[in-house]
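Note that the sequence shown covers residues 1 to 274 in the numbering used here.
Keep in mind that a hint or two might mislead.
Claimed, not checked - SDA-like cross-link-like pairs, simulated, lysine to any residue; straight-line CA separation at most 20 angstroms: (1) Lys91 / Val252; (2) Lys12 / Asn34; (3) Lys246 / Met207.
No lab work stands behind these hints: they were computed from the structure.
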Amino acid sequence: MKPFISNISLEKALELIDQLNLKPYFELWHFTFNISYFYTNFKFIHIGKRYLLFPTTKLNQWSPFVIFSNFELSLEPLSKHNQHNPFWFYKLSTFENFLTRRSNESHKPKKHFPSLETYPKLQKKLDVSFDIINFSIDNFTMYYDNLKRPDHDSATTIMSILLKNYPGLTQNWLRLALLKQDNNVLAIALIIDDGKSISLQNIASKMSSHGYGVFLCVEILKYYSSKQYYSFDAGISAQYGCYKNKIFLDSVYTTPLNNLPYSFKLLNYLFHFL
Numbered sequence: 001m002k003p004f005i006s007n008i009s010l011e012k013a014l015e016l017i018d019q020l021n022l023k024p025y026f027e028l029w030h031f032t033f034n035i036s037y038f039y040t041n042f043k044f045i046h047i048g049k050r051y052l053l054f055p056t057t058k059l060n061q062w063s064p065f066v067i068f069s070n071f072e073l074s075l076e077p078l079s080k081h082n083q084h085n086p087f088w089f090y091k092l093s094t095f096e097n098f099l100t101r102r103s104n105e106s107h108k109p110k111k112h113f114p115s116l117e118t119y120p121k122l123q124k125k126l127d128v129s130f131d132i133i134n135f136s137i138d139n140f141t142m143y144y145d146n147l148k149r150p151d152h153d154s155a156t157t158i159m160s161i162l163l164k165n166y167p168g169l170t171q172n173w174l175r176l177a178l179l180k181q182d183n184n185v186l187a188i189a190l191i192i193d194d195g196k197s198i199s200l201q202n203i204a205s206k207m208s209s210h211g212y213g214v215f216l217c218v219e220i221l222k223y224y225s226s227k228q229y230y231s232f233d234a235g236i237s238a239q240y241g242c243y244k245n246k247i248f249l250d251s252v253y254t255t256p257l258n259n260l261p262y263s264f265k266l267l268n269y270l271f272h273f274l
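From just these sequences and the hints, can you work out the full model?
Take a look at the structure:
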């Protein structure tokens, strides 16, 4: 069966995605999958009734490479023995479902946070408030720089790096998530809200045995679950940060090449399109 490979524009890509009902692989989502903001040129491949559509260039190392297709591409789940950088991801449903899953997967659900058993106890103990506000560089600088570790980047540097990595990013998507106690900010997170998903960019919290940073992540998840958002992610990065394995329960390695049908593997071997 003769393959068809073509380079197409953004306009044509959007048209084909709609006409052929193409979906992101493995039901993943990331704000960069809003391709109109971040990409201009695409490659379209079809063999018989199978289609692949993807940008001709990768945006950066922190974002999953967006691939639209009309067939399932399976991905590798997390493994303690795999050192590659995963896409930290959780597909939202209800907050109770999240806590139930955490309890079922924990060896000590009465001790480990978050779980059905530990969340209400810590919530009562901390007696904190949670808020989401629109982004302003003044608020981000004031709160983040006050809480960050001395060796971590400043708020100004973080924003400079973010806009460099995502040149099409609209500031309308930026939010600040705050954890407060008596009007004192105990933790802050910079998040991207594209109306469908939430992407955690940076977080800073007051040093404490209470784990304010983890609790803030749980509150973000709880809030956007109630808003019926699709997913919560932290992009692609190494396995560091105590909160990641606690929150992003559907994380995967976003390298679908090994799971492509043989005909597409052969094409990739010849033309190196992935």
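Hints, verified against the model:
no.: 1; hint: Lys91 / Val252; verdict: 12 angstroms, holds
no.: 2; hint: Lys12 / Asn34; verdict: 15 angstroms, holds
no.: 3; hint: Lys246 / Met207; verdict: 19 angstroms, holds
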